[in-house]
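K.L.:
Listed here are the chains, written in short residue letters.
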Amino acid sequence: MTVHNLYIFDRHGTLLFYHEWLRRKHTSMSKAEEAKLLYGMIFSLKSFVNKLSPTISKEGFLSYKTSNYRLNFYETVSSLKFILNTDNETNQTEIRELLHGIYTQIYVEYAVKSPMVNPGEVITSNLFRNKLNQYVQSSSIFKTH
Amino acid sequence: MIFAIWIINKAGGLIYQRDFQSKQSVAPTPSQKEPSTTGIVTPGLDKLSLNDALVLAGTFHGVHLITSRLTTRLISRSTQSSLTQASFPGIQLLETPSFHLHSHQSATGTKFLLFADPAMVAAYGQWILGRVVEVYCENVMRNPFHTVEMPIRSELFDFYLNKLVDQLQFTQSSPIPR
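These protein sequence lines are chains A and B, in that order.
Just so it is clear: in the first sequence, position 77 is 77 by my numbering, and no numbers are missing.
If you count the second sequence from 1, you need to add 145 to reach my numbering.
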């Protein structure tokens, strides 16, 4: 039950924040390219799911699972996207709560309300990073190997 | 509850598509999609034109490839030599509020997709896909008139697939083609 890494994208697709806890395999691309690839893929998946669903609900695609990892996706009303990669054994409801908590308790408190953080720019605040780290590590999902 | 089964070839083209929802429970046509007001989502799939389905199959093929590259865990050499699911590290399950999509990639690169109710467990979905692969091998691969990687037009395949789905859900699926 571990958390691998977290990406935060804004409505235009810019990577606002990236943090990794446990990642054993890195791709050969630069971080910016990987972020763009990830954003494009999530966008395609969202429209794929929208086409197939009978009703337009706010909660479209939630997560996907491969044999190696699980990707969890959370989108806010302001089109802010949180992407969290975990391993396969984690509980879905706990992850939804964790993502919701990250948005309400960490992002809103320390990124939106901070005068140093401008919308559309990368978040460099150390306070945000520390609080996020603290929050994730104290949740029940996080266990180090 | 099984909603649909799609088969995608190596190149990403849709070669088979079949809907198993009964007509009464299918949602309105795409032009009349309404936002869900109560927040309660009915499970099911929307009706799709053939063109839309072709585009979506291609999209899924691309996404499957990207997800296998984005893995965060090291794949050890030993698992790569055997043909377990770990050696096909693409997407296996896609979850949404109205359906779950189970996917299985064979050793030849053909992808079998199963659209099912969100209540269906992942292991059961993979088992069903295993049975679909068996029906595929027996009726399509062994058919001397079938061109590989081309759309499947086999009455026997339709018949046995219908039989399989009927056994699995005891509801009326589409009639046996004559």
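There's no promise every hint is true.
Simulated crosslink set (EDC-like; lysine to aspartate or glutamate; CA at most 16 Å straight-line) [unchecked claim]:
id	chain 1	residue 1	chain 2	residue 2
1	A	K46	B	D197
2	A	K65	B	D191
3	A	K51	B	E240
4	A	K46	B	E240
5	A	K51	B	E294
6	A	K131	A	E109
7	B	K308	B	D191
8	A	K51	A	E109
9	A	K51	B	D311
10	A	K46	B	D191
According to the in silico footprint, chain B covers these stretches of chain A (three or more CB under 8 Å from chain B) [to be verified]:
id	stretch
11	74–83
12	105–111
13	123–129
If you want the ones that stay clear, here's a sample from chain B, every Cβ over 12 Å from chain A, calculated [what the hints assert, rightly or not]:
id	residue
14	I160
15	R163
16	A252
17	E279
18	R298
19	N307
None of these hints come from the bench; they were simulated from the model.
Ideal placement from N, C-alpha and C gives every residue a C-beta, glycine not left out.
K.L.:
Looking at the structure, which of the earlier hints fail to hold?
P.N.:
2, 5, 7, 8, 9, 11, 12 and 13
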